[in-house]
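*Asks:* Sequences listed follow chains A and B, in order. Everything in the first sequence is counted per the UniProt record's numbering, starting at 1 for the first residue and increasing by one. Everything in the second sequence is counted per the UniProt record's numbering, starting at 1 for the first residue and increasing by one.
Keep in mind that the hints were calculated from the coordinates and are not lab data. Treat the hints with care, as some may be off.
Given that identical chains are not distinguished, each listed pair holds provided it fits within a single copy or across any two copies.
What the hints assert, rightly or not - Result set (DMTMM-like, lysine to aspartate or glutamate): computed pairs, CA atoms no more than 20 Å apart in a straight line:
| hint | residue 1 | residue 2 |
| --- | --- | --- |
| 1 | 448 | 394 |
| 2 | 142 | 109 |
| 3 | 321 | 368 |
| 4 | 462 | 244 |
| 5 | 321 | 33 |
| 6 | 362 | 181 |
| 7 | 321 | 104 |
| 8 | 321 | 276 |
| 9 | 60 | 276 |
| 10 | 142 | 398 |
| 11 | 60 | 176 |
| 12 | 142 | 11 |
| 13 | 321 | 209 |
| 14 | 117 | 431 |
| 15 | 60 | 15 |
| 16 | 117 | 341 |
| 17 | 321 | 370 |
| 18 | 415 | 341 |
No experiment lies behind these values; they were computed from the predicted model shown.
Protein chains: 2
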Amino acid sequence: MTLDATLAQIDSSLDAALDRLAGLLRIPSISTDPAHAADCDAAADWLVADLQSLGARAQKRATPGRPMVVGHIDGPEAATGPHLLFYGHYDVQPVDPPDLWHTDPFAPEIQDTPHGKVIRARGASDDKGQLMTFVEACRAYKDVNGSLPCRITFFFEGEEESGSPSLIPFLRDNADELSADLALICDTSMVAPGVPSIASQLRGMLKDEFTIEGPAIDLHSGHYGGPALNPLREISRIIASFHDETGRVAVEGFYEGVHEVPDNLLRQWENCGFDEHEYLSSVGMTRPHGEAGYSTLVQQWARPTLEINGLWGGYQGAGTKTVIPSEAHCKLTCRLVGDMDPDALRARIRKHVEDRLSPDAKITWNQDLDGSPAAVMNTGRPEFEAARQALSDEWDREAVFTGMGGSIPVAGFFKDILGLDAMLIGFAQEDDAIHSPNEKYNVTSFHKGIRSWARVLDALAK
Amino acid sequence: MTLDATLAQIDSSLDAALDRLAGLLRIPSISTDPAHAADCDAAADWLVADLQSLGARAQKRATPGRPMVVGHIDGPEAATGPHLLFYGHYDVQPVDPPDLWHTDPFAPEIQDTPHGKVIRARGASDDKGQLMTFVEACRAYKDVNGSLPCRITFFFEGEEESGSPSLIPFLRDNADELSADLALICDTSMVAPGVPSIASQLRGMLKDEFTIEGPAIDLHSGHYGGPALNPLREISRIIASFHDETGRVAVEGFYEGVHEVPDNLLRQWENCGFDEHEYLSSVGMTRPHGEAGYSTLVQQWARPTLEINGLWGGYQGAGTKTVIPSEAHCKLTCRLVGDMDPDALRARIRKHVEDRLSPDAKITWNQDLDGSPAAVMNTGRPEFEAARQALSDEWDREAVFTGMGGSIPVAGFFKDILGLDAMLIGFAQEDDAIHSPNEKYNVTSFHKGIRSWARVLDALAK
Numbered sequence: 001m002t003l004d005a006t007l008a009q010i011d012s013s014l015d016a017a018l019d020r021l022a023g024l025l026r027i028p029s030i031s032t033d034p035a036h037a038a039d040c041d042a043a044a045d046w047l048v049a050d051l052q053s054l055g056a057r058a059q060k061r062a063t064p065g066r067p068m069v070v071g072h073i074d075g076p077e078a079a080t081g082p083h084l085l086f087y088g089h090y091d092v093q094p095v096d097p098p099d100l101w102h103t104d105p106f107a108p109e110i111q112d113t114p115h116g117k118v119i120r121a122r123g124a125s126d127d128k129g130q131l132m133t134f135v136e137a138c139r140a141y142k143d144v145n146g147s148l149p150c151r152i153t154f155f156f157e158g159e160e161e162s163g164s165p166s167l168i169p170f171l172r173d174n175a176d177e178l179s180a181d182l183a184l185i186c187d188t189s190m191v192a193p194g195v196p197s198i199a200s201q202l203r204g205m206l207k208d209e210f211t212i213e214g215p216a217i218d219l220h221s222g223h224y225g226g227p228a229l230n231p232l233r234e235i236s237r238i239i240a241s242f243h244d245e246t247g248r249v250a251v252e253g254f255y256e257g258v259h260e261v262p263d264n265l266l267r268q269w270e271n272c273g274f275d276e277h278e279y280l281s282s283v284g285m286t287r288p289h290g291e292a293g294y295s296t297l298v299q300q301w302a303r304p305t306l307e308i309n310g311l312w313g314g315y316q317g318a319g320t321k322t323v324i325p326s327e328a329h330c331k332l333t334c335r336l337v338g339d340m341d342p343d344a345l346r347a348r349i350r351k352h353v354e355d356r357l358s359p360d361a362k363i364t365w366n367q368d369l370d371g372s373p374a375a376v377m378n379t380g381r382p383e384f385e386a387a388r389q390a391l392s393d394e395w396d397r398e399a400v401f402t403g404m405g406g407s408i409p410v411a412g413f414f415k416d417i418l419g420l421d422a423m424l425i426g427f428a429q430e431d432d433a434i435h436s437p438n439e440k441y442n443v444t445s446f447h448k449g450i451r452s453w454a455r456v457l458d459a460l461a462k
Numbered sequence: 001m002t003l004d005a006t007l008a009q010i011d012s013s014l015d016a017a018l019d020r021l022a023g024l025l026r027i028p029s030i031s032t033d034p035a036h037a038a039d040c041d042a043a044a045d046w047l048v049a050d051l052q053s054l055g056a057r058a059q060k061r062a063t064p065g066r067p068m069v070v071g072h073i074d075g076p077e078a079a080t081g082p083h084l085l086f087y088g089h090y091d092v093q094p095v096d097p098p099d100l101w102h103t104d105p106f107a108p109e110i111q112d113t114p115h116g117k118v119i120r121a122r123g124a125s126d127d128k129g130q131l132m133t134f135v136e137a138c139r140a141y142k143d144v145n146g147s148l149p150c151r152i153t154f155f156f157e158g159e160e161e162s163g164s165p166s167l168i169p170f171l172r173d174n175a176d177e178l179s180a181d182l183a184l185i186c187d188t189s190m191v192a193p194g195v196p197s198i199a200s201q202l203r204g205m206l207k208d209e210f211t212i213e214g215p216a217i218d219l220h221s222g223h224y225g226g227p228a229l230n231p232l233r234e235i236s237r238i239i240a241s242f243h244d245e246t247g248r249v250a251v252e253g254f255y256e257g258v259h260e261v262p263d264n265l266l267r268q269w270e271n272c273g274f275d276e277h278e279y280l281s282s283v284g285m286t287r288p289h290g291e292a293g294y295s296t297l298v299q300q301w302a303r304p305t306l307e308i309n310g311l312w313g314g315y316q317g318a319g320t321k322t323v324i325p326s327e328a329h330c331k332l333t334c335r336l337v338g339d340m341d342p343d344a345l346r347a348r349i350r351k352h353v354e355d356r357l358s359p360d361a362k363i364t365w366n367q368d369l370d371g372s373p374a375a376v377m378n379t380g381r382p383e384f385e386a387a388r389q390a391l392s393d394e395w396d397r398e399a400v401f402t403g404m405g406g407s408i409p410v411a412g413f414f415k416d417i418l419g420l421d422a423m424l425i426g427f428a429q430e431d432d433a434i435h436s437p438n439e440k441y442n443v444t445s446f447h448k449g450i451r452s453w454a455r456v457l458d459a460l461a462k
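The following block holds chain A by itself, in its conformation from the complex:
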């Protein structure tokens, strides 16, 4: 009953684990702010020392930006389990606006709340608390068993909150060292409180931006209203053409590569505890406004979108200016799913727009915006079923394969550069206020997160 002993060890050493997490949380490792570069270094040093205390061969590795941390621990000689690569990030978001914090963001506190104990600090949830669930699971496992159940490579990044500029070069330069059988990532949420979740599909993203120019200069609407092409009307007409009246994107070929959600997954989602009414009403919506025929959860996790994020032209000041402006601007992003190809889609969207332009309208596209495909996890691998069972055992609730509306680019990079499938398991809650003031992590998330990883490690090793 090795696992039981490990879980007992986790329970009895929780306070010590929380103390260690507090130590990491005290370091204000804000990666976007150059003034905190030394703090990022200190957080990396802290992690190197912590991994070394587990017996890992760990190093801080320089990059042109914030350092990476890489550590290796071999499993037992007779290990039969996979070689795992665990990823987390030690950098945190800025604390702005500081006035809205009720406590010092870098003086972590355990607080009682109506929903149980929380540890409150910047990074408590995103991602220091989450990454430490895995490290603490390894510590307990080793303490009880003398070694880990399989070979593990730890890989911690310090630039996740600032766009990961060093990540791709580092993965390319260290592909051999970082190769493994499966990546584990702990940077996601549970779909509902108490519902263990494996994020099995992440949407991709396509960014684009265009400017429509009509008249050569701003014109007086008394003289040119009518005869001159108004770019604001032109851009409105084009944006209105992007969707049909059912909310479906009307760009030809847009849905190529989109797959319907399999029935068995759909049934899991229907019962995963997601509260559609609460999700919508919390932002003032009485109903879902996306594609007709799809639930809010399916719209968010498994359907592509084309959304306008910025739109502007003409006069924005007080009162009236009788201008026919020369230009109008639109920023858009698409969320991609399945096998949608960002490059092909970009060409289709641009064609859709250009086909609809009036004579005398000139268009310019921003050439600097990128795209990334959706990532669909390889849930057919036996490790996914093993992890799902382990999580179900810990939480006494069937674990679900969830989607994610947002993007976690590192999963795609692991696949593309290292050829590595990723499994995303996280214990954050929707109300953790990540990126916001008063970020917290539930002590239950931390405690049962550690226990969850111990169970997953144990299951994967078999």
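Position chain B relative to chain A; hints supplied.
*Replies:* Here is chain B on its own, set in the frame of chain A:
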């Protein structure tokens, strides 16, 4: 041959008239800038003195803003002609940007150009040069004949370039003193060089502005793209619904009160020298974009418009922000013609928008924006035909009744408050650069403008 003598006097005293105009142009009477309040006072004093030199009973009259100038000259005892009210404005636009002026804007210069001599200064055309054409015509007429041919009230405003805040109260408070048989206004252009023009219809204007609110707060497009109503898509769809594919406004009842241009007027316009190709190509257009079936001139002078002057929402900075914004904003103006009722039209436009709003979209209308109906001059009055003939004689070219794309609100106020028809005759050229750097007035406009008024006065007195 009284008129011939008067015209000869105008020709022989042109240099003196230009000197007087230069005196007025030297006063930087910028009404929008409080720092120039004393200069506006000085310009009013200058005009009072100049009118007194004609024998007028003239006064500077205080308002809460810049002063008005009112002067009266009786005609001969046996005068049979109408009592005329002449309007002009002595205030000028700011000179910004000063760097683009090639000369001091308030040091008027006579310059030779490829198109003849011009007098260059701020206000040379708008409106000091224009108003002095009438004053100089009166001076010459009186010098030759001993008196004016009819009773004349001069009324000069000093706030035209800053929205005329004191005008309506002043007209109301002094309605008896300002009553007359016909108003003359010299603040308009000739439709083409050398084509004498009487502006017989001015478009009105309706201003409105709305904000559409969707989500209660800005949202992350990864989480809410799709399920949440995007106000940028909503506002684009609504703006796109304002016009049909022929460029006609699709708001129900929009064209109520619009009359087709009578054939005889249409024929005048077709032959008035307006160069559609030049007008459009100068701003980058290869064709007119307004209502199908109407020429550019008719679109500009005699058709109503609904134009978007400002449109904005979401992220406008560099790069991408994956936001579903909470709000989107639209500023619009309509140009009105014929008997279109601004209040009724405002209600129709608002209904059009509100009928098309999606569930969960909230709308707010700016309640502070006004409207004014179109002004159609009473060209059936015999004075119009008399003036047309007088202008045709002076310019050796059939004078035309033109429309105007813009608005001259004072004409409407004269009608509404004083019950006074107005006749708008002006000699400005499209290339006078009013409101722009290097404003000028052709010496020919000034000289033949004075002669024109002398002929018009003579004709009206008969």
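*Asks:* Please go over all the hints and tell whether each is borne out by the structure.
*Replies:* Here's how the hints hold up against the structure:
For the identical chains of this complex, residue 448 and residue 394 are intra-copy neighbours only, at 7 Å inside a copy versus 97 Å across copies, given an alpha-carbon limit of 20 Å. Taking the shortest Cα distances, residue 142 and residue 109 never come within 20 Å of each other, neither inside one copy (28 Å) nor across copies (94 Å). Taking the shortest Cα distances, residue 321 and residue 368 sit within 20 Å of each other only across copies (14 Å), while inside one copy they are farther apart (33 Å). For the identical chains of this complex, residue 462 and residue 244 are neighbours neither inside a copy (51 Å) nor across copies (68 Å), given an alpha-carbon limit of 20 Å.
Taking the shortest alpha-carbon separations for residue 321 and residue 33, only the inter-copy value of 19 Å comes in at or below 20 Å, while the best intra-copy value is 40 Å. In the homo-oligomer, the alpha carbons of residue 362 and residue 181 never lie at most 20 Å apart, since the shortest distance is 51 Å inside one protomer and 52 Å across protomers. In this assembly of identical chains, the alpha carbons of residue 321 and residue 104 never lie at most 20 Å apart, being 47 Å within a copy and 28 Å across copies at closest. In this homomeric assembly, residue 321 and residue 276 never come within 20 Å of each other (Cα to Cα): the closest approach is 43 Å inside a single copy and 25 Å across copies.
For the homomeric pair residue 60 and residue 276, neither the shortest alpha-carbon distance inside one copy (44 Å) nor that between copies (71 Å) is at most 20 Å. Within a single copy, residue 142 and residue 398 get their C-alpha atoms no closer than 28 Å, and across copies no closer than 104 Å, so neither meets the 20 Å cut-off. In this assembly of identical chains, residue 60 and residue 176 lie within 20 Å of each other by CA distance solely inside one copy; the values are 17 Å within and 91 Å between copies. In the homo-oligomer, the alpha carbons of residue 142 and residue 11 lie at most 20 Å apart inside one protomer (15 Å), although the nearest pairing across protomers, at 110 Å, exceeds that limit.
With identical chains, the CA atoms of residue 321 and residue 209 are at most 20 Å apart between copies only, with a shortest distance of 11 Å across copies and 26 Å within one. For the identical chains of this complex, residue 117 and residue 431 are intra-copy neighbours only, at 14 Å inside a copy versus 75 Å across copies, given an alpha-carbon limit of 20 Å. In the homo-oligomer, the alpha carbons of residue 60 and residue 15 never lie at most 20 Å apart, since the shortest distance is 27 Å inside one protomer and 87 Å across protomers. In this homomeric assembly, residue 117 and residue 341 never come within 20 Å of each other (Cα to Cα): the closest approach is 44 Å inside a single copy and 65 Å across copies.
Proximity of residue 321 and residue 370 under a CA criterion of 20 Å is satisfied inter-copy only: 13 Å between copies versus 36 Å inside one chain copy. For the identical chains of this complex, residue 415 and residue 341 are intra-copy neighbours only, at 16 Å inside a copy versus 65 Å across copies, given an alpha-carbon limit of 20 Å.
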